[in-house]
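The lines below spell out each chain.
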Amino acid sequence: MKHGRRSRRQLLQMGVAVGGSLLAGQQARALETDPRKLGEPLGPYGERSPFEKAVRWRRESKTPETGSSFTPLHDSVGIVTPSALHYERHHSGIPTMDPAKHRLVIHGLVDRPLALSMAEIRRLPSVTRILALECGGNSAGEWGAATGADVQRSYGLVSGSEWTGVSLSLLLAEAGVQPRASWVIAEGADACRMMRSIPLAKALENSVLAYGQNGEAMRPAQGYPLRLINPGWEGNTNVKWLHSLKLTDQPYMARDETSKYSDLMPDGKARIFTYAMEAKSVITFPSGGQTLPARGLYELTGLAWSGRGRIERVEVTTDGGRTWVQAALQEPRLPIALTRFRLAWRFDGQDALIASRAIDETKYVQPTRAALIAARGTNSTYHYNGIKVWSVRADGTVTNVEA
Amino acid sequence: MWKLSAMLLAAAATLSAQSPRYGVGRPPTPEEIRELGSAIAPDGTGLPEGAGTVAAGRELFAAQCARCHGPTGEGDVGARLVGGQGTLRTPRPLKTVGSFWPYATTLWDYVNRAMPFDRPGLLKPPEVYAAVAYVLNLNGIIEADRVMDATSLPKVKMPNRDGFVADPRPDVRKERRRH
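Chains as they are written, first to last, in the working numbering: chain F, 1 to 403; chain R, 404 to 582.
Keep in mind that the hints are not guaranteed to be accurate.
Pulled a few chain F residues facing chain R out of the computed Cβ check, cut under 7 Å [as the list claims (entries may be wrong)]:
1. 82
2. 84
3. 244
4. 250
5. 252
6. 258
7. 298
8. 350
9. 372
Below, computed lysine-lysine pairings styled on BS3-like, alpha-carbon distance capped at 25 Å [said to hold, decoys possible]:
10. 558/R - 269/F
11. 260/F - 560/R
12. 527/R - 269/F
13. 558/R - 527/R
14. 101/F - 62/F
15. 558/R - 260/F
16. 202/F - 62/F
17. 260/F - 363/F
Just so you know, these hints were derived from the structure itself, not from any lab.
C-beta: ideal position from N, C-alpha, C; glycine also.
Looking at chain F on its own, in the form it has when it is part of the complex (with noise of 0.2 Å):
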């Protein structure tokens, strides 16, 4: 009974008309265990119940290989995101890495240039860190007219996991980065080698090489066996497969940091380097796609993070920014990291524009759409932050106002 309860009202949760709800009841019953039958046995790996169907969405493609595909934001609790619903984007495919043959190669300027086995990195002392990790081209869409209808599809290139791994300074350290160097490039073993310039300031305040995620060994799409997490910075720059580390005093102008991943501005003029993801908040629940079945008192929900810091305060409006009040943040709320806010809000049965709006440890203030193009026009593509606006209607169908 009480399986049968949850599968419904997650269905329900999930936008399923009443209809069909009736129906997938009787399919989740043909599921469920009779409750005095033995149950499974006991299991090497774990699967989740069958009762659960969020999944990732992504865009059909020719080229399969290359593309992102989307967290499903409005089904997740919490802030970590599952790894196998963790978000995606791929320029050349998922590679099969065998840890035993991989090696790090770590040249350029440095004293000593190091080729390191998955064995010795993973022998040196870990830092594990919980971080929102952001696609550069999250919520694009959002500049002009061709967003996703619900967070999924819209935001939904944001996830949060805990990465663990040895301190990139550690091993640079190591290496004995020579006084001319200021710059790393890091490039990944995918089939298109993908490669990004990191300043070496930065690879020296926080990067992390991340063997480890939720608890396990990364995933394959994530980067498996080794990756470069930079924390707060756009998802790019995170080169997954690492398998060298080359110091330079210039960057390498890689095409992933000039033709792509620079903000075209109106006046013609492309910003490079734009690696902070600044802060941003969604409502998740509810959010577009979505129904509320009836009125009543329901606890608004969403996800907000900053990649400069800590959130220090997330409000939120339902009356379509005449007045905003302040969401309780649910610990813990970690610097980087998603920090989940909630509200208690009654829906009347009225037409209510709701939105929330992110304040990080900076004082930096998540802007409006409208300021956001005010400042960058409507070309800039990437670094996309701007506060979402959900149509909540009377009948309890929630769009995105921009889609």
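Using the hints provided, position chain R relative to the given structure of chain F.
Below, chain R without anything else, positioned relative to chain F:
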């Protein structure tokens, strides 16, 4: 005795090659450096020997590139490679090699590491020089009789070379907050 000192010398060499504090790693082999260190700097550092002409590039492009990028780089499944100059300030900017890419070395680096899409790493350095020469010529950036090599390529001035500025963020004016 000779054997022992040789062993000691070898051990010392190994130790000095390892990292000082944790004693991890070994010196990479020259092959590893070559294989992993193929990144090309905008000043041309890292460009290998070899050369390619626009004419050779035209043939190579037809064989290897046109099926995704169109016969003259107009784009299809693959990105459009030509045109767009003068569009960056318009409501519909067209960002191509010719209109947007600031360095010709980036084109060499990217073609070398990532193209063709389904067979990256296929092209030999002279072929990469040739493909790059042809795409630059398609964009009117170099003449049809030019040869691209490690000396000439970094000297090519791309039309949008001065089109990039540093990150000025936070840049959005704070609005007066209403409660």
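Do the hints match the structure? See the list:
1. 82: This interface hint is violated because 30 Å lies over the 7 Å limit.
2. 84: Violated - the Cβ of residue 84/F stays beyond 7 Å from chain R, reaching only about 27 Å at its closest.
3. 244: holds, 4 Å
4. 250: holds, 6 Å
5. 252: At about 5 Å, which falls below the 7 Å cut-off, the nearest Cβ of chain R leaves the hint on residue 252/F intact, so it holds.
6. 258: This interface hint holds because 6 Å falls under the 7 Å limit.
7. 298: violated, 22 Å
8. 350: It is violated, given that the least Cβ distance between residue 350/F and chain R is near 21 Å, above 7 Å.
9. 372: At 6 Å from the nearest chain R Cβ, residue 372/F passes the 7 Å test, so the hint holds.
10. 558/R - 269/F: With a Cα-Cα distance of about 22 Å, the restraint between residue 558/R and residue 269/F holds, given a limit of 25 Å.
11. 260/F - 560/R: holds, 20 Å
12. 527/R - 269/F: violated, 34 Å
13. 558/R - 527/R: holds, 21 Å
14. 101/F - 62/F: violated, 32 Å
15. 558/R - 260/F: Cα-Cα ~23 Å, so holds.
16. 202/F - 62/F: violated, 37 Å
17. 260/F - 363/F: The given pair, whose Cα atoms are some 29 Å apart, is violated under the 25 Å limit.
Going down the numbered hints, you'll see the structure goes against 1, 2, 7, 8, 12, 14, 16, 17, while the others check out.
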